[in-house]
Amino acid sequence: MVSIHWSIACVAVLGTGYSASAGVVSGSQTFYNMSSSSRTYTYYQYAPVSGDSGGNVMNGSVTTTLTDLNGNGATLSTDPAGDAIYTATINNVAVQTLWNSQFGFTVGQFLSGATVPASFANVPLPSGVPADGNAGVVLRFTLSAGDAVSFAYTFNVVPGPGALALLACAGCATNGRRRKG
Amino acid sequence: MKFCLSSILAVTALTGSAIAGIPVVQISVAGSSGGSASAAPVGSPGGDPFQYSYNSTLAGAGFLSNFTLTATDTTSSDRAILGGFITLINASASVQTFTVDISASTFAHGSSSLSGGSVSGVLTGNSGGGLFASANSKSIWTAYIRASAINNNIASLLNAPFQVTSAADNVASIPGEAFGQPIPTQPAIAMGDAMGIHLVFQLGAGDQVDLTTAFVLEAIPAPSAVAAFALIGLGQRRRRRE
Chain A
876 MVSIHWSIAC VAVLGTGYSA SAGVVSGSQT FYNMSSSSRT YTYYQYAPVS GDSGGNVMNG
936 SVTTTLTDLN GNGATLSTDP AGDAIYTATI NNVAVQTLWN SQFGFTVGQF LSGATVPASF
996 ANVPLPSGVP ADGNAGVVLR FTLSAGDAVS FAYTFNVVPG PGALALLACA GCATNGRRRK
1056 G
Chain B
405 MKFCLSSILA VTALTGSAIA GIPVVQISVA GSSGGSASAA PVGSPGGDPF QYSYNSTLAG
465 AGFLSNFTLT ATDTTSSDRA ILGGFITLIN ASASVQTFTV DISASTFAHG SSSLSGGSVS
525 GVLTGNSGGG LFASANSKSI WTAYIRASAI NNNIASLLNA PFQVTSAADN VASIPGEAFG
585 QPIPTQPAIA MGDAMGIHLV FQLGAGDQVD LTTAFVLEAI PAPSAVAAFA LIGLGQRRRR
645 RE
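So the sequences go chain by chain: A and B.
Residue 876 is where the first sequence starts when you use our numbering, and the numbers rise one by one after that.
Residue 405 is where the second sequence starts when you use our numbering, and the numbers rise one by one after that.
The hints are simulated quantities; they were obtained by calculation from the structure and are not laboratory data.
Be aware that a few hints might be false.
[As the list claims (entries may be wrong)] A few chain B residues that don't get close to chain A, going by computed Cβ distances all over 12 Å:
(1) GLY466
(2) ALA553
(3) PRO588
(4) PRO591
(5) VAL604
[To be verified] Examples of chain A residues toward chain B, derived with CB under 8 Å:
(6) SER901
(7) VAL932
(8) THR939
(9) GLY979
(10) PHE985
(11) GLY1021
(12) SER1025
(13) THR1029
Computed from a predicted structure; not experimentally measured.
Quick reminder that beta carbons are idealized off the backbone N, C-alpha and C, glycines included.
For reference, chain A alone in the conformation it holds in the complex:
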């Protein structure tokens, strides 16, 4: 599921490709600000997630490429509220952020530039957050006039090493019982 909020109608938001399998939010999205002033965007993408009862961990990443298409440089920054550009959510609860407040990226006249990717890996799911429901990625940012930006991002929830070990033990026990029977 994808939903987008943008400031004014003349700002083009261009779906480029996304995929969502159980527990994985992955894709890319392009935004072209065709207006004459900088604009703030908020973009949401969700996917169903079904984790185990415990021991889940989260992985995620984001990177972007920015291009000046009108010859006066291009700027990508956090929104005026200072929200992180990338927020991973589970059931609309923020569980991890990347490119937090004061993040900024600029390129010069007619240049293209790619940021260094940001990521997190094997971060335990916060206590009290159920692993079942919807996993999501929210992008919030401000883009300069006449310029374009493309994001690539991922977020997934997987059983952690502890949970995997428990599953392995359960499998062995079941196997053992079958053999005895």
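Given chain A, put chain B in place with the hints provided.
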């Protein structure tokens, strides 16, 4: 009346004889597994004055692609910009070499031009990781000016050997490269019938690449046109004195 006629002559010398209007943009994609597709999207006004935007989604056997481009009406502007975004997904089960070509018609004018361009991107890998690389020892990005049906290469970026990989279900950056900085300052031949960007690259199975790029040309008036303008100026000055 004399002045008007002189101006028309000078402008004609400066701009040549191409047809005014919205640039004609052509896009083609071909994959090594045999799939191919092409389109000529219609432009709509967007961005700065004289700029038009173009959107197109192309799908073929083993790939899906999306283009968001901008091109300039060079009958109204000496500066031509061709750029935007290219997204390509390798929907096949094996690594493919893709050839992508985008071009925009231009108004042939000037004796030479100044050029510049840039490209960067992001790679999204699938559960087996991601791969974006040069193919057959060729540069991934080449800008050209088409004159008399011949593509004249102006510059290449992301030269071979070039490779970016990403971890499973992860993203990686394709670092930006540019030429003619500050863009556009690299001398090139005069604007021809079209300007274009040619891409050749390998993309891993199930991977996605998003490229952002710009190619800029600025016409340098022909010496005869400059001389005509100078003569007009001198003529006006003499008349004022009289």
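query = Quick one, is the SER1025 (chain A) hint okay against chain B at 8 Å, beta carbons?
reply = 4 Å, holds
inquiry  = Next item in the hint list is SER901 (chain A). Is there a CB on chain B closer than 8 Å to its CB?
reply    = This interface hint holds because 6 Å falls under the 8 Å limit.
inquiry  = Checking a non-interface call: every C-beta of chain A should be farther than 12 Å from the C-beta of PRO588 (chain B). Is that right?
reply    = At roughly 7 Å from the nearest Cβ of chain A, PRO588 (chain B) sits no farther out than 12 Å, so the non-interface label is violated.
task = Run the C-beta distances from PRO591 (chain B) to all of chain A and say if the shortest one exceeds 12 Å.
result = Fine: 17 Å to the nearest Cβ keeps PRO591 (chain B) off the interface.
query = Can we confirm that no CB of chain A comes within 12 Å of the CB of VAL604 (chain B)?
reply = 18 Å, holds
task = Return the status of the interface hint for THR939 (chain A): holds when the least beta-carbon distance to chain B is below 8 Å, violated otherwise.
result = With a closest approach of 7 Å, the THR939 (chain A) hint holds.
task = Decide, holds or violated, for the assertion that all CB atoms of chain A are farther than 12 Å from the CB of ALA553 (chain B).
result = About 27 Å separates ALA553 (chain B) from the closest Cβ of chain A, which puts it past 12 Å; holds.
message = Hint validation: THR1029 (chain A) versus chain B, beta carbon distance must be below 8 Å. Holds or violated?
response = At about 5 Å, which falls below the 8 Å cut-off, the nearest Cβ of chain B leaves the hint on THR1029 (chain A) intact, so it holds.
message = Next item in the hint list is GLY1021 (chain A). Is there a CB on chain B closer than 8 Å to its CB?
response = Since the shortest Cβ distance to chain B is 5 Å, the answer is holds.
query = Holds or violated: is there a CB of chain B closer than 8 Å to the CB of VAL932 (chain A)?
reply = With a minimum Cβ separation of about 13 Å from chain B (threshold 8 Å), the hint on VAL932 (chain A) is violated.
query = Holds or violated: is there a CB of chain B closer than 8 Å to the CB of PHE985 (chain A)?
reply = Where the cut-off is 8 Å and the nearest Cβ of chain B is about 4 Å from PHE985 (chain A), the hint holds.
task = Just double-check GLY466 (chain B) for me: nearest Cβ-Cβ distance to chain A has to come out over 12 Å.
result = GLY466 (chain B) is indeed farther than 12 Å from all Cβ atoms of chain A, at 15 Å.
Consistency with the previously given hints fails for numbers 3, 7 and 9, ordered from lowest to highest.
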